[in-house]
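Peer 1: Please model the entire structure based on the sequences and the hints provided.
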Amino acid sequence: MNRRHFLATTAAAATAAPAPKPNFLFLIADDLTYNGIQAMGGHEVATPNLDRLIARGCAFTHCFHQGSWTGAVCVASRSMLNSGLTTFRAQKQFETTPLWGQTLGDAGYNTAIVGKWHLSKPALERSFKNHEAVFMGGMYESGPDAYNRPAPGNSWTPWDTTRGGQWLHSQPFRKNEPDSIQHSAQIWADAAAERLRDMAAKPDPFFLYVGFTSPHDPRQAPKEFVDRYPAGKIAVPANYLPEHPFDQGDAKVRDELLAPFPRTREAVQLHRSEYYAHVTYLDHQVGRILDALEASGKAANTYIIFTADHGLAVGQHGLMGKQNMYDHSTRIPLIVAGPGIRKNRRVNAMVYQHSVFATTCDLAGIPVPQTVEFPSLKRHLHSATATPKNESVFCWYRDFQRSVRTRDHKLIVYPLARRTQLFDLRKDPAETKDLSVEPRYAALKTSLTSLLKQHQKDLADPLTI
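Numbering-wise, our numbering puts 146 at position 146 of the sequence shown, and it's gapless, one number per residue.
Treat the hints as calculated values from the structure; they're not laboratory data.
The structure presented is a predicted model; accordingly, all values stated were derived computationally and were not measured.
Mixed in with the good hints, there may be bad ones.
[Unchecked claim] List time: in silico BS3-like cross-link candidates among lysine-lysine, alpha-carbon distance up to 27 Å:
1. Lys389 with Lys445
2. Lys298 with Lys378
3. Lys378 with Lys389
4. Lys433 with Lys453
5. Lys223 with Lys233
6. Lys21 with Lys129
7. Lys457 with Lys427
8. Lys202 with Lys21
9. Lys21 with Lys378
10. Lys298 with Lys175
11. Lys129 with Lys298
12. Lys389 with Lys298
13. Lys21 with Lys343
14. Lys233 with Lys298
15. Lys427 with Lys389
16. Lys202 with Lys129
17. Lys129 with Lys92
18. Lys202 with Lys233
19. Lys202 with Lys175
20. Lys427 with Lys92
21. Lys92 with Lys453
22. Lys343 with Lys378
23. Lys445 with Lys457
24. Lys433 with Lys445
25. Lys252 with Lys433
26. Lys92 with Lys298
27. Lys21 with Lys223
28. Lys121 with Lys175
29. Lys427 with Lys445
30. Lys389 with Lys343
31. Lys92 with Lys202
32. Lys175 with Lys129
33. Lys453 with Lys389
[As the list claims (entries may be wrong)] Pair by pair, the computed Cβ-Cβ distance ranges are:
34. Thr464 with Asn154: 28 to 34 Å
35. Ala231 with Asn130: 37 to 43 Å
36. Thr464 with Asp198: 48 to 54 Å
37. Asp198 with Pro339: 19 to 25 Å
38. Trp159 with Thr432: 31 to 37 Å
39. Gln171 with Thr464: 49 to 55 Å
Backbone N, C-alpha and C define an ideal beta-carbon position, used for all residues, glycine too.
Peer 2: Below, the structure written as structure tokens:
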């Protein structure tokens with residue numbers, strides 16, 4: 001290379017436009033447990049679109065939320081997600097800290113949200129430049145017949161569009177079309193597709209946040225989806241119990257009133273069949289959004305992130321809700337696909353879902369706000385040998401429950417009930433055999449109790465156990 005050619009090449013490189021920042025499409029389900037996807041172990045449920053997303057990206061197999069100060073666990077989980085604050089600080093400091101969408105917006109992103117928010121209006125307005133099609137509440141009511149099912153004379157069905165719940169008037173969210181009754185998941189998918197078309201037409205990178213209200217109860221779906229899951233053919237979980245062995249705190253919280261006490265096998269099969277139908281319908285709408293992204297021409301430079309706010313029991317351990325420390329309720333899916341991520345990758349490291357804030361900043365080359373406490377997962381996306389950040393994870397529920405989970409064991413402490421549970425997760429992943437009173441596990445119990453107390457200290461947990 002002669003000197004003139006060298007100087008010309010150097011000058012061209014110096015003046016070349018920087019690489020465009022990546023786009024982010026974030027999809028969050030409501031009440032979707034970690035194995036509620038077929039490719040993640042949900043063998044009874046069909047999720048072809050999420051399975052394909054996993055095949056083209058990275059799935060975290062041990063992703064958790066950190067707990068809740070309220071029975072509406074989604075409020076706490078979404079507060080941590082959108083602030084990056086750990087659980088006890090998120091409870092107190094959420095309204096005064098830089099938020100996820102706000103941070104990306106300040107860095108030049110065109111930001112928008114459709115669907116469920118369930119946090120404050122000021123936080124919404126700080127976070128997103130476009131927030132026209134938003135549901136501010138936590139759930140949709142469908143009348144008293146949606147509870148205590150099955151019961152004699154109860155004619156409630158998931159496909160009855162006259163029962164409200166997930167069946168909504170579309171016009172408040174789709175103002176340019178005639179009003180009709182549509183499922184919430186369809187409404188959010190339609191609105192998301194519209195936002196993608198609008199955002200893709202602009203030069204700025206975009207961040208689209210899609211908050212589904214599925215598969216939260218009332219677990220409604222079109223009849224063709226419910227018919228795929230005849231209740232009598234649904235398996236009863238290995239950890240099925242007619243009732244939880246003791247009052248774990250909030251034993252009669254709203255979620256637990258969906259099915260009669262004690263839980264019959266028939267009731268568990270019915271609720272799980274409707275849960276699966278709702279999940280499959282959610283998956284169908286996710287597919288429509290992914291198709292809209294492809295049609296926008298921006299898919300190649302877009303990271304797609306799919307997760308949930310928390311899991312759900314749906315008949316496991318005698319429970320229906322998420323106000324507990326079992327894996328079915330604290331462990332959730334996390335899938336990331338996009339530029340440079342190796343296909344069909346599984347990461348088994350224990351992580352918190354609330355790391356998504358830092359991860360997107362890291363992927364976009366944006367400084368992570370100093371207030372963010374959950375670390376970026378970028379190294380796990382790109383390196384098969386990344387060292388796990390968490391050797392154990394902590395979770396809590398009000399003053400009723402505290403837990404610590406390692407790769408192999410879980411300790412749950414119930415301070416008010418004066419109970420403790422200890423599970424060997426290698427031998428007993430369904431958490432059915434409590435080892436806490438067996439003398440040969442006394443040393444392990446002591447060790448895990450110390451680890452739990454260390455987590456409490458690190459996170460400024462005010463409760464003494």
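Peer 1: Please name the hints from earlier in the document that this structure breaks, with their numbers sorted from lowest to highest.
Peer 2: 7, 12, 14, 18, 20, 26, 27, 31 and 34
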